[in-house]
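Each protein sequence line maps, in turn, to chains A and B.
Here our numbering is used: the first residue of the first sequence is 1, the next is one more, and so on.
Here our numbering is used: the first residue of the second sequence is 1, the next is one more, and so on.
There's no promise every hint is true.
Said to hold, decoys possible - Here are the in silico distance ranges between beta carbons for each label pair:
#  : chain 1 : residue 1 : chain 2 : residue 2 : range
1  : A       : Ser9      : B       : Pro8      : 18 to 26 Å
2  : A       : Pro17     : B       : Asn73     : 37 to 45 Å
3  : A       : Leu80     : B       : Gln18     : 16 to 24 Å
4  : A       : Lys3      : B       : Asp56     : 37 to 45 Å
5  : B       : Gln18     : A       : His76     : 23 to 31 Å
6  : A       : Ser41     : B       : Arg17     : 21 to 29 Å
7  : A       : Asn23     : B       : Ser28     : 33 to 41 Å
8  : A       : Thr26     : B       : Asn73     : 17 to 25 Å
9  : B       : Glu14     : A       : Leu80     : 20 to 28 Å
10 : B       : Ala95     : A       : Glu66     : 27 to 35 Å
11 : B       : Thr86     : A       : Asp67     : 38 to 46 Å
12 : A       : Thr5      : B       : Leu115    : 25 to 33 Å
13 : A       : Glu11     : B       : Ser28     : 19 to 27 Å
14 : A       : Glu11     : B       : Lys70     : 41 to 49 Å
Claimed, not checked - According to the in silico footprint, chain B covers these stretches of chain A (three or more CB under 8 Å from chain B):
#  : region
15 : 15-25
16 : 38-51
If you are wondering where the hints come from, they were derived from the structure by calculation, not from laboratory data.
Here a beta-carbon is modelled for each residue, glycine too, at the ideal position from N, C-alpha and C.
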Amino acid sequence: DAKTTQPNSMESNEEEPVHLPCNHSTISGTDYIHWYRQLPSQGPEYVIHGLTSNVNNRMASLAIAEDRKSSTLILHRATLRDAAVYYCILRDTFSGNTGKLIFGQGTTLQVKP
Amino acid sequence: DAGITQSPRYKITETGRQVTLMCHQTWSHSYMFWYRQDLGHGLRLIYYSAAADITDKGEVPDGYVVSRSKTENFPLTLESATRSQTSVYFCASSATSGTRTDTQYFGPGTRLTVL
């Protein structure tokens with residue numbers, strides 16, 4: 001399975017944008033990039049996913065590098081409720097057969113008021 | 001919209017006892033999953049199910065048994081609990097057939113402590 005690398009932790013101020021990076025230099029051409037987050041004492045929740053083009057939804061934006069070796073999750077205005085562990089996950093053909101998600105350590109985002 | 005629920009939310013048991021963790025989803029999703037989350041290991045897949053009466057092993061299945069007689073329920077049983085099974089257990093479901101674009105929806109988790 002292709003691996004992802006994320007910083008262990010990041011800090012942000014409330015109401016400021018947050019850019020969460022993810023490196024995936026061994027990504028294959030058919031891997032989708034997914035982001036999930038896990039709020040304290042809760043199960044993970046889906047945030048966004050993309051293949052090549054940048055993606056936007058109500059929660060966040062996903063910016064994917066042209067060579068697809070890195071991506072950035074963008075929270076446009078961080079709130080205290082966005083404090084969570086953010087996971088960048090690649091969905092490849094193998095994991096797609098079982099549907100399993102391969103979670104790394106993720107980035108712990110702290111949001112300061 | 002109840003979504004996906006797990007019970008109990010917290011459980012303390014003793015080594016050697018049988019424990020069953022329940023998972024129920026109201027969406028009629030085909031796929032269901034059980035993960036465990038431990039410090040230093042992230043979330044790891046225990047078992048998954050593609051449909052009623054179809055189950056298969058994940059990464060860490062030893063010591064666990066699952067069944068799926070109804071689409072909406074996916075119980076996980078620890079036949080003889082061990083201390084190494086102390087963990088937080090998450091159930092998840094997915095509507096589609098585990099493709100690269102499907103979304104998984106997770107329950108709130110069950111914190112299990114084995115003494």
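Do the hints match the structure? See the list:
At roughly 32 Å, the beta carbons of A/Ser9 and B/Pro8 sit outside the given window of 18 to 26 Å. The hinted window of 37 to 45 Å between A/Pro17 and B/Asn73 holds, with their beta carbons roughly 42 Å apart. Our hint of 16 to 24 Å for A/Leu80 and B/Gln18 is violated, since their Cβ atoms are close to 41 Å apart. Separation of A/Lys3 from B/Asp56 is about 24 Å and departs from the stated range, judged on CB atoms against 37 to 45 Å.
At roughly 49 Å, the beta carbons of B/Gln18 and A/His76 sit outside the given window of 23 to 31 Å. The given range of 21 to 29 Å is respected by A/Ser41 and B/Arg17, whose C-beta atoms sit roughly 25 Å from each other. Checked against the hint of 33 to 41 Å, the C-beta distance between A/Asn23 and B/Ser28 comes to roughly 38 Å, which is consistent with it. For A/Thr26 and B/Asn73, the hinted distance range of 17 to 25 Å is not satisfied, since their beta carbons lie about 38 Å from each other.
A beta carbon spacing of about 39 Å between B/Glu14 and A/Leu80 contradicts the range 20 to 28 Å that was offered as a hint. Checking the proposed 27 to 35 Å range against B/Ala95 and A/Glu66 shows it holds: the Cβ atoms sit about 32 Å from each other. Judged by the Cβ atoms, the range 38 to 46 Å given for B/Thr86 and A/Asp67 holds: they are separated by roughly 43 Å. The hinted window of 25 to 33 Å between A/Thr5 and B/Leu115 is violated, with their beta carbons roughly 37 Å apart.
The supplied range of 19 to 27 Å is broken by A/Glu11 and B/Ser28, whose beta-carbon atoms lie about 41 Å from each other. Separation of A/Glu11 from B/Lys70 is about 46 Å and conforms to the stated range, judged on CB atoms against 41 to 49 Å. Using a Cβ-Cβ cut-off of 8 Å, 0 residues of the region 15-25 of chain A lie near chain B, which falls short of the minimum of three, so the contact claim is violated. Evaluation of the coverage hint for the region 38-51 of chain A: fulfilled, as 7 residues show C-beta separations to chain B shorter than 8 Å, against a requirement of three.
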